[in-house]
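Colleague: Combine both chains into one complex, guided by the hints.
Line by line, the protein sequences give chains V and L.
Number 1330 marks the last residue of the first sequence (our numbering); no jumps.
Number 174 marks the last residue of the second sequence (our numbering); no jumps.
None of these hints come from the bench; they were simulated from the model.
Be a bit skeptical, because a hint or two may be false.
As the list claims (entries may be wrong) - Covered stretches of chain L, as calculated for chain V (at least 3 residues, CB under 8 angstroms):
id: 1; segment: 90-100
id: 2; segment: 135-145
As the list claims (entries may be wrong) - Quick partial rundown of chain L residues pointing at chain V, CB under 10 angstroms, derived from the structure:
id: 3; residue: L124
id: 4; residue: R125
id: 5; residue: K126
id: 6; residue: R127
id: 7; residue: S168
id: 8; residue: L170
Each residue gets a CB set at the ideal place from its N, CA and C atoms; glycine is no exception.
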Amino acid sequence: MASSIPFEQLTGPLVVWLAPVGEAVPVVNVTPAGNWYQLGPTDGEHSIQHVGRLTYFRDNDSRGPVKAVRPDEDVIIRFNLVALTLEDYARVLDDAANIVSAGGPPATKKLPHIRGATPNEYAVLFKGDALSPYGNFPGQYVLPRAVFDDEPQPTYGRDQRAMLACEVHALVDQVVAAADKLGFLIVQTS
Amino acid sequence: MIDTLETVIQYLKSDADLNLLTGGRVAALHKFGDGWPIPSKAVRVRYDGGTPDLDVQAQRARLEISCFGETQLDASKVYGALVNVSRNTLRKRVQTNQGFALLYWLLPLSGPSFLQDVDAGVDLTLVFFEAHVSELDLGG
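In isolation and in its complexed conformation, chain L is listed as follows (with noise of 0.2 angstroms):
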């Protein structure tokens, strides 16, 4: 079964303008104090529950993104550029480790918050997405 999780990382790795902005910093947990300057700017996606699709072979799953930024002005730039990629996503084919993914849509659920990484004392922007996922591998 194609990862959800994967997919939304490695289609945010793929976006030019975040990857430029972010050094390619995009992963599931941070890794600030572990090869990520302190502060700096960076995005870390979990999953954050969400409802289940009963009837068809795609995950759809509420997401918790951290827009992480040297200052709350330059996390908003990460969370910028995070809107930026959600407004062109449409129906987006997707390489992951398991094939390729259809990630049908990537959209926010709600406004942005800011709030410091209490172990490593960066500013964030937080926001939760929504993410449909098929589970099919599209191949080729």
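Next comes chain V alone, as it looks inside the complex (with noise of 0.2 angstroms):
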């Protein structure tokens, strides 16, 4: 008997890829080129929440709602960065381009802790090898346009490893379809 029911249930982890805002987005089976940054390897779950729950009016006439609105919607995405590089590092607090680099002796690679009043903003994928329901195929979430927030606490200790807690908050993109400005998901089906 032949299915594809087991494909519906998805598994395995997925790979963060940064960009500059309007930065094409590679086709879905292809890997990301170009001004495309991968951020180095995560620890644990990724999770993508869509945020956005309802608002419910009532009238005199019965108890039970009669209307439901939706006043904010949010597209949120939450992964722990264990690739500590100053790359990766400066880009979850700001910015690559505030690394300070010096020749030395010794060279150095300086980071700066302030990460400014307005964030930096990236587009952002999180692709999966195997994020396809429809075989075994990759697929990709893409935000046009997204920010990081969060209060990252690296701790440092004999038995653990240092993390960076990550999360990627989409803006609208008023520059894209009007379906994908808070981002889409993709994923190839043959």
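Modeller: Structure below.
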């Protein structure tokens, strides 16, 4: 008996890619190139949250809700980054352009802590080699415009690995098609 | 129903590096003295319980995997090849006698332990894994 049902159950981690806002989104089954930058290894689970609880309205004729609206909606990606190169660290805090390299000796790279009032914006891909529920194909979440939120707190210790808790928050992109302005999920089907 | 143990064994046999290292000696029972040289590199995969998937037609099995070798160092090499296989296992299609299986993952549950097989006297690295396999034939 042939069945596609097994593929409908998605398993496996995703990979995070960043680029300047406006960078062309790669085809779903192609490894990003050009200005796309792959963030290093992550630890644990990756999640994408579709935020947007409804507000219900009632009238005097019934105790149940008669109308529902969604006053706010957000898309938030969360993961823990364990690659702590300054290039990765800087992108999470704000921008890799903040790194200052010096020839030394000793040669150094410096990452200022200050994040600034206005966060740097990125285009974000959340790619999975087996993210398609239609077969053994890849897929990707696309956020055309997003910022790093949260307050990362790398913690150092003898028996633990420091990591950056990352929260990528989508922003509305008015340049792309209206349906895609908070991003989209695209998967390969054949 | 797709056989989980066969799926894992066939999948391990299909890995070029592990196959080269072990000479294709991957089975549910070891065959030392019955075709397998003593000692030699090999892999034995056995069921070891696990937590059943109650709602979906998939098997989540805990596996006891013995990585045999001529010495502890050789057993470690087989273990290393097994770990490499697990790093790349993500929803793999595997051919079995019951049809095409979908192996969602094959991941280690423990670190390695050095032991020796009592009967054959062959060094081995013991490790526990978990496999998640669809019960349904993918077809084609």
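Colleague: Are the hints correct? Go through all of them and say.
Modeller: Here is what the structure says about each hint:
By the rule of at least three residues with a Cβ nearer than 8 angstroms to a Cβ of chain V, the coverage given for the segment 90-100 of chain L holds, with 3 such residues. A stretch counts as covered by a chain when three or more of its residues have a beta carbon under 8 angstroms from one of that chain; for the segment 135-145 of chain L and chain V the count is 3, and the coverage holds. About 4 angstroms separates the beta-carbon of L124 of chain L from the nearest beta-carbon of chain V, less than 10 angstroms, and the hint is met. Hint on R125 of chain L holds. Least Cβ distance to chain V is approximately 4 angstroms, under the 10 angstroms limit.
Interface hint status for K126 of chain L: upheld, as the beta-carbon distance to the closest one in chain V is roughly 8 angstroms, under 10 angstroms. At a threshold of 10 angstroms, the smallest CB-CB gap from R127 of chain L to chain V is about 6 angstroms, leaving the interface hint in force. For S168 of chain L, the suggested interface contact is upheld, since its CB lies about 4 angstroms from the closest CB of chain V, less than 10 angstroms. Look at L170 of chain L: its Cβ gets to within about 4 angstroms of chain V, closer than 10 angstroms, so that hint holds up.
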